[in-house]
Amino acid sequence: MEHLESAKMILQARGLSKHYGGVVALDSVDLELREGEVLAIVGDNGAGKSTLVKALTGAIAKTSGSVLIDGRETRIDNPTDAKAAGMETVYQDLALVNEISITKNMFLGREIIKDNVLGRLFGVLDFVKMDAKIRDLFEKLDIRISDIYRDAEAFSGGQRQAVALSKTVMFGKRIAILDEPTAALGVRESKMAMDLVRSLKDHGLSVIMITHNMQHVLNYCDRVMVMRLGKVAAVCDVADVDGDTLVGLITGAIEKKVGR
Amino acid sequence: MINKKSSEFVSVPQAKTSGWQILQYQFMQIWQVLAALVLIYAVFFILSPAFRNIDTLLSIFSQAAILAILACGTTVVLISGGLDLSVGSIFAVVGVVVGVLIKEYQLAYPVAIIGALVAGTCLGALNGVIQVVTKVPAFIVTLGGLTAYKGLAELLGSGKDLSRFPDGFQMLGSGYFAPICIMFGAALLTGLFLTKTRLGNHAFAIGGNAEVARLSGVKVARSRIYYYMIGGMFAATAAILEVSKLNFAQSSRGVSYELFAIAAVVIGGTSLFGGRGGVGKTIIGMLIMQTIIVGLAYLGVGTSFQRIAIGAIIILAVYWDVWRRQAR
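If you read the sequences in order, they're chains A and H.
Under numbering that gives the first Met the number 0, think of the first position of the first sequence as 0, with each following residue one higher.
Under numbering that gives the first Met the number 0, think of the first position of the second sequence as 0, with each following residue one higher.
Where hints are given, some of them may not hold.
To be verified - DSSO-like, lysine-lysine: derived pairs with alpha carbons at most 30 Å apart:
#1 K172(A) x K195(H)
#2 K132(A) x K172(A)
#3 K132(A) x K195(H)
#4 K139(A) x K190(A)
#5 K230(A) x K200(A)
#6 K113(A) x K218(H)
#7 K132(A) x K134(H)
#8 K149(H) x K113(A)
#9 K134(H) x K218(H)
#10 K7(A) x K172(A)
#11 K128(A) x K149(H)
#12 K195(H) x K139(A)
#13 K128(A) x K134(H)
#14 K134(H) x K172(A)
#15 K7(A) x K230(A)
#16 K149(H) x K159(H)
#17 K113(A) x K132(A)
Stated by the list, open to error - Computed, partial: chain A to chain H, Cβ under 8 Å:
#18 A58
#19 I59
#20 E98
To be verified - Okay, the calculated bits of chain A under chain H, using three or more residues with CB under 8 Å as the criterion:
#21 69-83
#22 86-97
#23 117-126
These are computed hints drawn from the structure, not numbers from a lab.
Ideal Cβ positions, reconstructed from N, Cα and C, are used throughout, including at glycine.
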């Protein structure tokens with residue numbers, strides 16, 4: 000307990016709210032992510048999980064609340080701010096552009112420019128360097144995709160998710176935020192994706208992961224935060240809960256409980 | 000360990016993608032429409048004896064040239080998921096502007112050309128800025144531009160004699176050689192822009208999925224404005240060439256050129272919905288269109304029937320694209 004108590008807070012959110020007109024999608028949510036942990040966020044559809052992630056990462060404008068990185072308040076108004084703060088996000092259904100290649104997807108928004116006059120004047124891209132980086136990374140993560148010049152559309156759901164997740168290793172300096180990384184994946188592909196999530200931790204990333212799969216929470220995560228109706232219903236160590244308790248917390252059958 | 004071993008057998012990652020592989024990949028994208036062009040040319044070649052000479056071939060290319068240059072810009076805009084119906088009117092404005100600059104202001108023609116290019120680029124920028132600021136759809140904004148720029152061209156050009164330009168200026172658009180060279184130059188530049196540069200690559204990402212692009216940190220709004228500026232610049236280039244070729248400028252030029260440009264882009268196989276396409280396809284698309292127009296003329300088919308044929312081909316081209324997508 001003691002060491003967890005003293006573990007560094009890498010990311011904190013205080014009083015995060017998001018209102019859509021009169022609808023309160025997110026109601027003063029506090030969140031803490033400790034260095035090196037995998038934090039699961041669970042909750043029913045419409046509980047505000049995705050809204051929380053989007054507000055946290057600047058994908059949508061928050062109504063109120065603040066975000067702290069390493070205990071310092073940090074302005075995150077757009078996805079670029081979040082990336083600059085070391086956060087890399089894999090949004091559900093919004094991870095890859097179907098129409099462009101794996102290489103272009105991996106480096107979208109952060110392309111490597113040729114280190115010469117052409118690069119500086121016209122923004123000419125250095126595909127050789129980008130390809131090499133991807134191949135290195137894929138080898139390190141044991142992702143078996145070789146034809147990275149093909150459009151993302153040509154790949155299976157599992158391969159696409161692997162690409163999206165590997166992006167967090169390539170660029171996520173410290174924090175990976177994953178919105179349902181196994182949604183729409185088969186059993187074998189899910190396992191592949193979750194093993195990859197686990198390896199993010201080995202690569203020095205702290206992870207926030209939205210999921211609907213209680214088994215994934217119990218097997219792969221350190222702590223879990225339960226959301227209900229836009230609020231935090233519970234936060235606890237995974238070691239302290241079982242699947243039934245989690246389901247009870249999600250549905251509201253078990254009342255609010257905030258522990259570790 | 001076992002896992003690592005097996006992966007070596009499953010797929011051996013190549014050190015890097017070779018240039019040859021990429022060429023093959025690009026050819027696979029383009030061969031069908033190229034085959035269509037050759038086939039259509041062959042049909043007219045067989046049907047009409049008069050069609051069988053090099054002059055006809057050159058006139059197809061030179062007639063395609065001006066519209067193809069305009070269509071280079073349209074290709075960029077369509078790939079980025081935009082639409083510009085106003086380029087025909089930008090064409091009219093720029094034609095008048097270059098005429099006025101040379102005839103009324105007595106500017107040296109290279110200076111006038113630069114001024115006209117700037118004018119076209121600015122009108123394109125205006126299209127983009129209005130869309131980004133007001134969030135009114137491209138169709139409406141550029142439909143407004145179509146009418147408004149037309150009015151602007153009339154205001155600038157009314158009652159002026161804009162003809163008989165200096166020899167140097169006339170050289171640009173006359174004959175076969177210069178326009179065809181400029182067309183290939185424009186296509187090459189556009190191709191390099193789309194495939195090699197960051198901004199060009201972002202056009203595909205934005206056209207494919209603008210929200211993913213935004214979340215990835217792409218400056219979507221700013222890039223869109225640039226694409227419309229490129230559209231305006233190519234419209235200006237085409238207009239300058241036409242003024243040079245005809246040796247007069249008139250505010251009534253350029254009518255429905257935007258539709259011909261869009262048609263060529265679509266016949267070439269660039270998606271109307273953004274995210275896919277290329278400028279090589281557009282050039283081939285324009286050549287297909289001109290081959291049909293010239294070929295039908297040689298067979299004695301009137302312009303009305305030519306238009307009907309072109310209309311049918313546009314629908315066929317999009318149908319083919321839709322069918323291919325579903326087959327995947």
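Structure-based check of all given hints:
Among the hinted pairs, K172(A) with K195(H) is consistent with the structure: their alpha-carbon atoms are about 28 Å apart, no more than 30 Å. For the suggested pair K132(A) and K172(A), the alpha carbons sit about 16 Å apart, so the restraint of at most 30 Å is met. Pair hint K132(A) plus K195(H) holds up; C-alpha atoms about 18 Å apart against a cutoff of 30 Å. Between K139(A) and K190(A), the direct Cα distance comes to roughly 18 Å. Compliance with the 30 Å bound is thereby established for this hinted pair.
Straight-line distance between C-alpha atoms of K230(A) and K200(A) comes to about 27 Å, which keeps the hinted pair within the 30 Å bound. Between K113(A) and K218(H) the alpha-carbon distance is near 20 Å, which keeps this suggested pair within the 30 Å criterion. Straight-line distance between C-alpha atoms of K132(A) and K134(H) comes to about 38 Å, which puts the hinted pair past the 30 Å bound. Annotation: proposed proximity of K149(H) to K113(A) is violated, straight-line Cα distance about 42 Å (limit 30 Å).
With a C-alpha separation of about 16 Å, the suggested pair K134(H) and K218(H) falls inside the 30 Å cut-off, and the hint holds. For the proposed pair K7(A) and K172(A), the alpha carbon gap of about 16 Å is at most 30 Å, so the pair holds. Taken as a hint, the K128(A) and K149(H) pair is broken in the structure, with Cα atoms around 48 Å apart against an allowance of 30 Å. Simply put, K195(H) and K139(A) have alpha-carbon atoms about 28 Å apart, close enough for the 30 Å limit, and the pair holds.
Between the alpha carbons of K128(A) and K134(H) the distance comes to roughly 37 Å, so the proposed pair goes past 30 Å and is violated. With a C-alpha separation of about 35 Å, the suggested pairing of K134(H) with K172(A) is violated against the 30 Å cut-off. Between K7(A) and K230(A) the alpha-carbon distance is near 24 Å, which keeps this suggested pair within the 30 Å criterion. A threshold of 30 Å between alpha carbons decides the hint, and for K149(H) with K159(H) the separation of about 16 Å falls inside it, so the pair holds.
At most 30 Å may separate the alpha-carbon atoms for a hinted pair to count; K113(A) and K132(A) meet this at roughly 14 Å. Taken as an interface hint, A58(A) checks out: its beta carbon lies about 6 Å from the nearest beta carbon of chain H, inside 8 Å. A cut of 8 Å between beta carbons decides the hint on I59(A): the least distance to chain H is about 10 Å, and the hint is violated. This hint holds: E98(A) has a C-beta 3 Å from the nearest C-beta of chain H, less than the 8 Å allowed.
A stretch counts as covered by a chain when three or more of its residues have a beta carbon under 8 Å from one of that chain; for the segment 69-83 of chain A and chain H the count is 3, and the coverage holds. Restraint check on the segment 86-97 of chain A versus chain H: 7 residues with Cβ-Cβ distances below 8 Å, three needed, restraint holds. A count of 4 residues in the segment 117-126 of chain A with a Cβ less than 8 Å from any Cβ of chain H is obtained; the coverage claim is therefore met, three being the minimum.
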